[in-house]
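For the sequence shown, counting from 1, position 418 maps to 418 in UniProt numbering; every step adds exactly one.
Just so you know, these hints were derived from the structure itself, not from any lab.
Keep in mind the model is a prediction, meaning the values are calculated, not measured.
Every residue gets a Cβ at the ideal spot worked out from N, C-alpha and C, and that includes glycine.
Treat the hints loosely; a few may be bogus.
[As the list claims (entries may be wrong)] Calculated pairs, BS3-like style, for lysine-lysine (alpha carbon to alpha carbon, straight line, at most 27 Å): (1) LYS446 x LYS384; (2) LYS384 x LYS437; (3) LYS151 x LYS544; (4) LYS544 x LYS156; (5) LYS368 x LYS203; (6) LYS620 x LYS495; (7) LYS203 x LYS260; (8) LYS237 x LYS203; (9) LYS346 x LYS384; (10) LYS156 x LYS566; (11) LYS151 x LYS446; (12) LYS446 x LYS156; (13) LYS368 x LYS260; (14) LYS566 x LYS151; (15) LYS446 x LYS495; (16) LYS237 x LYS346.
[To be verified] Label-pair distances were calculated between CB atoms; the ranges are: (17) PRO159 x ILE636: 53 to 59 Å; (18) GLN300 x GLY192: 19 to 25 Å; (19) PRO159 x ALA379: 40 to 46 Å; (20) LEU399 x ILE235: 27 to 33 Å; (21) THR281 x ASP258: 51 to 57 Å; (22) CYS618 x ARG333: 46 to 52 Å; (23) HIS422 x ASN182: 33 to 39 Å; (24) ARG270 x PHE418: 20 to 26 Å; (25) LYS205 x ILE641: 54 to 60 Å.
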Amino acid sequence: MDGNAHEFSRVWDLGYLEVYGLICPGGSLLLESTCAISDDDDFISISTFKCQLYCQSHLLPFPLGVICDHSTLPPSECEGYEVPMIFLARISEGLAPSLAFRFVSFLLIFLLCCFELVVAEVDSEFKSLIDHLRRYFQRPDLFPPVFTIEKSVPNKLSPGYIFLGPYEADNSGPYIYDTEGNLVWSGWGNSGPGNAHGMHVCKYKGANHLCFFQGIQQNGYCRGHGVIMDNRYRIVKTVTPGGGMASSDMHEFRLVNDGKTALMTVYQQRQFDMSLWNVRTGMGWLMESIFQEIDVETNQVLFEWRSLDHVDPSVSYTYPSHTDTSGTGFEPRSPWDYFHINSVDKNNDGDYLISSRHTSCIYKISGKDGSVMWRLHGANPSFKNINFSFSQQHDARWLGENATHTLLSLYNNGYNGFNQTHPYSSGMIILIDHVAKTATQVREYKPLNDDMISSSQGNMQVLPNRNVLIGWGNNAYISEHDEQGRLVFWGYIDKDRIMNYRALKFEWEGNPTDVPALWTYSRTNDGFSPTTFYVSWNGATRVKHWRFYGATNSTGPYEFLTQVDKRGFETTYTNSTFYLWSYVEAVDGQGRVLGKSRNQFTFIPSPDLQGYCADDFCSKAQAYGLPGEIDPKPFIPPVGINSVPWIDPEHPESHYNLGQPGAPAPTSAPQGAKGLHGQAGWVVPVMGVALAAIGVFLILRVNRRQRHLHRAKERNSSESLHEHESKASTGAAGLRWWDWRRWIASHDEPHHYFPLAEQRPSSLP
Numbered sequence: 001m002d003g004n005a006h007e008f009s010r011v012w013d014l015g016y017l018e019v020y021g022l023i024c025p026g027g028s029l030l031l032e033s034t035c036a037i038s039d040d041d042d043f044i045s046i047s048t049f050k051c052q053l054y055c056q057s058h059l060l061p062f063p064l065g066v067i068c069d070h071s072t073l074p075p076s077e078c079e080g081y082e083v084p085m086i087f088l089a090r091i092s093e094g095l096a097p098s099l100a101f102r103f104v105s106f107l108l109i110f111l112l113c114c115f116e117l118v119v120a121e122v123d124s125e126f127k128s129l130i131d132h133l134r135r136y137f138q139r140p141d142l143f144p145p146v147f148t149i150e151k152s153v154p155n156k157l158s159p160g161y162i163f164l165g166p167y168e169a170d171n172s173g174p175y176i177y178d179t180e181g182n183l184v185w186s187g188w189g190n191s192g193p194g195n196a197h198g199m200h201v202c203k204y205k206g207a208n209h210l211c212f213f214q215g216i217q218q219n220g221y222c223r224g225h226g227v228i229m230d231n232r233y234r235i236v237k238t239v240t241p242g243g244g245m246a247s248s249d250m251h252e253f254r255l256v257n258d259g260k261t262a263l264m265t266v267y268q269q270r271q272f273d274m275s276l277w278n279v280r281t282g283m284g285w286l287m288e289s290i291f292q293e294i295d296v297e298t299n300q301v302l303f304e305w306r307s308l309d310h311v312d313p314s315v316s317y318t319y320p321s322h323t324d325t326s327g328t329g330f331e332p333r334s335p336w337d338y339f340h341i342n343s344v345d346k347n348n349d350g351d352y353l354i355s356s357r358h359t360s361c362i363y364k365i366s367g368k369d370g371s372v373m374w375r376l377h378g379a380n381p382s383f384k385n386i387n388f389s390f391s392q393q394h395d396a397r398w399l400g401e402n403a404t405h406t407l408l409s410l411y412n413n414g415y416n417g418f419n420q421t422h423p424y425s426s427g428m429i430i431l432i433d434h435v436a437k438t439a440t441q442v443r444e445y446k447p448l449n450d451d452m453i454s455s456s457q458g459n460m461q462v463l464p465n466r467n468v469l470i471g472w473g474n475n476a477y478i479s480e481h482d483e484q485g486r487l488v489f490w491g492y493i494d495k496d497r498i499m500n501y502r503a504l505k506f507e508w509e510g511n512p513t514d515v516p517a518l519w520t521y522s523r524t525n526d527g528f529s530p531t532t533f534y535v536s537w538n539g540a541t542r543v544k545h546w547r548f549y550g551a552t553n554s555t556g557p558y559e560f561l562t563q564v565d566k567r568g569f570e571t572t573y574t575n576s577t578f579y580l581w582s583y584v585e586a587v588d589g590q591g592r593v594l595g596k597s598r599n600q601f602t603f604i605p606s607p608d609l610q611g612y613c614a615d616d617f618c619s620k621a622q623a624y625g626l627p628g629e630i631d632p633k634p635f636i637p638p639v640g641i642n643s644v645p646w647i648d649p650e651h652p653e654s655h656y657n658l659g660q661p662g663a664p665a666p667t668s669a670p671q672g673a674k675g676l677h678g679q680a681g682w683v684v685p686v687m688g689v690a691l692a693a694i695g696v697f698l699i700l701r702v703n704r705r706q707r708h709l710h711r712a713k714e715r716n717s718s719e720s721l722h723e724h725e726s727k728a729s730t731g732a733a734g735l736r737w738w739d740w741r742r743w744i745a746s747h748d749e750p751h752h753y754f755p756l757a758e759q760r761p762s763s764l765p
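Generate the whole structure from the sequences, applying the supplied hints.
The structure is reproduced here in structure tokens:
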């Protein structure tokens, strides 16, 4: 104990019992389900907590090699693995406890162990509540689901962003996150109304685009259409099925043939004789699974396959009224979904691979006539399973195929919410031997906890570096595994609150058409009040730095403040000086300016509000009035009060400065910190010198005219100029070359003065 005392800090002192705990900075506390208590005459050891440490963080205040269950963990084995947190209790010298005290101590320790699960649940709910209240200051319209990372080994991850489509959320829609859990792009509202499923990077017209299904959720299926969006997040094409039937379904929208055609699923109600299933008093209704290959440009149907033409409903493992999505079969609003297609893939030979959840079978479909070429698993399998089984599966994909073997992947749910066939869900890679007629599982990808099982949805994606990404369906967990199946990433989206159909990972470059969003705040408007900047640019992936500029009025001049690195979705920067107006520039890794925000007026709380605000932000109000008021109501201020302080009456046009939208990067980096607000820094001094020269010229000219007038007054200040004939001018020869009168002067006629009220120029001789 004494040799490692520096590794512990005292947590509390019970008089005779001093309790020490291992400090775990940079890690998150995780609670074990059991705890071990050992007691000798000197120490009580409680292994109750776990602390997640990362060697890469370099935040440990002590050398690696810490006490772990009476053993040490060498640095070579520390790669993001969990290290037990040890609590040690030492009995103070001279205070040997009585039996009663020892009993109370053990009881206290026992209660700590027993209540750890309660504490964990409270902690989880508290964190969820905090996350639920999370907002972005400069984009309060965005309320994305929070992506929480529980485990990550960064040097083992594949490159790219994570693409999700969470639904049953406050802001359902397509989302992109990085592997640190930061939001990259929120497509809520941009993609249209409804949910978005299966967003992924696709090739369309030779360029990277985003493809996903967008539509309205039904009972286990959807109604909607396919969406193709360019890298500026503009919808460039929508794709719908043909053939005079229902709109497309969520389970598949995938471009094939270099983006010329699309695979789509359709769920279509059909009248059906269901007397074999005891529907005897009238017409039964059945949901038929359909997939089509569609010409993207014309929506022409190039190929169509219908489940009833090739798979009899008698092979289904999901009967009417069997699950929450199977349907009763009594009416078109609740048809029996006997097949439930949930993925379609196509190989180079033109054949298709489809997955049927409710028959627990994978089918190879002929691209010529739609016939079933073979079946993997299900009621009538074509192969003998050697070392595996699956049920209620999703997302079957071809990985490779030749004349003798087929390699494919799938996500095995093993559960439909009512019947469970496996202890946990998993990703599988299966090798089919067409000669031996066998199927062998060659790799299994397990969840972090061996008891996690998903009753619906889910997918598995083999990444370019042979890592595997898995979306765990209705549990909304996402994991990444290396080629050997080891877990290198584990996180979740708003656990127990929402669902996510598929999780996918791709490299992506986004260049939005809008401008960076900026919000600034200062508690007061005196010069010593700091100004806090909040900036983001939804969907912009090339931004590496932010340049901040401030001014005392809307028209400038704007002073360059600093450049900071981009941090997460929203970057925060605080300057010690007050600036009433500001803007920011987005800068890439080569120093090129990608875009500029609009000029932003700094929010300053009124004196009555300042007491409820901090130096860097104001919390949202909870109620009307002040604390203690009885039944407060909102006020209606008198008409004419200016409550919008950012409108500048002298420069109203500044309010309509809308910033500089995203554009292709310039070919060269800017020199120094020159902003887009006027861009070239040399323009200001040159214009200043020019204005000064003009001012001097005007002053000299006025003085010269004054001297002429003084001479006229000296001649006869009371003499009328009416009909006074001036002396003839010496003509153009008497003027300097740059005087404009040299080129238009008249030499023949004298000049006459006349009262404008009495004569017109035309009346002169």
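Status of each hint after checking the structure:
With a C-alpha separation of about 23 Å, the suggested pair LYS446 and LYS384 falls inside the 27 Å cut-off, and the hint holds. Distance hint between LYS384 and LYS437 is fulfilled; the C-alpha atoms sit about 6 Å from each other, no more than 27 Å. Restraint check: the Cα-Cα separation between LYS151 and LYS544 comes to about 25 Å, which is no more than 27 Å; the hinted pair holds. Proposed proximity of LYS544 and LYS156 is supported: the alpha carbons are some 23 Å apart, at most 27 Å.
Simply put, LYS368 and LYS203 have alpha-carbon atoms about 25 Å apart, close enough for the 27 Å limit, and the pair holds. Among the hinted pairs, LYS620 with LYS495 is consistent with the structure: their alpha-carbon atoms are about 25 Å apart, no more than 27 Å. For the suggested pair LYS203 and LYS260, the alpha carbons sit about 9 Å apart, so the restraint of at most 27 Å is met. Distance hint between LYS237 and LYS203 is fulfilled; the C-alpha atoms sit about 13 Å from each other, no more than 27 Å.
Of the supplied pair hints, the one linking LYS346 and LYS384 holds, its CA atoms being roughly 24 Å apart against a limit of 27 Å. Among the hinted pairs, LYS156 with LYS566 is consistent with the structure: their alpha-carbon atoms are about 23 Å apart, no more than 27 Å. A threshold of 27 Å between alpha carbons decides the hint, and for LYS151 with LYS446 the separation of about 15 Å falls inside it, so the pair holds. Taking the CA atoms of LYS446 and LYS156, the gap is about 17 Å. The hint holds against a cut of 27 Å.
Between LYS368 and LYS260 the alpha-carbon distance is near 19 Å, which keeps this suggested pair within the 27 Å criterion. Proposed proximity of LYS566 and LYS151 is supported: the alpha carbons are some 23 Å apart, at most 27 Å. Distance restraint check for LYS446 and LYS495: the Cα-Cα separation of roughly 19 Å lies within the 27 Å cut-off, and the hinted pair is therefore satisfied. Our distance criterion of 27 Å between C-alpha atoms is met by LYS237 and LYS346, whose separation comes to about 22 Å.
Taking 53 to 59 Å as the suggested C-beta distance range, the pair PRO159 and ILE636 conforms, at roughly 56 Å. The supplied range of 19 to 25 Å is met by GLN300 and GLY192, whose beta-carbon atoms lie about 23 Å from each other. The given range of 40 to 46 Å is respected by PRO159 and ALA379, whose C-beta atoms sit roughly 42 Å from each other. Range check, LEU399 to ILE235: about 32 Å between beta-carbon atoms, so the 27 to 33 Å window is met.
The beta-carbon spacing between THR281 and ASP258, approximately 52 Å, falls within the hinted interval of 51 to 57 Å. Between CYS618 and ARG333 the Cβ separation comes to about 49 Å, which falls inside the hinted range of 46 to 52 Å. Between HIS422 and ASN182 the C-beta distance comes to about 34 Å, which sits within the given range of 33 to 39 Å. For the hinted restraint 20 to 26 Å between ARG270 and PHE418, the CB-CB distance of approximately 24 Å keeps it satisfied.
Take LYS205 and ILE641: their Cβ atoms lie about 55 Å apart, and the range 54 to 60 Å holds.
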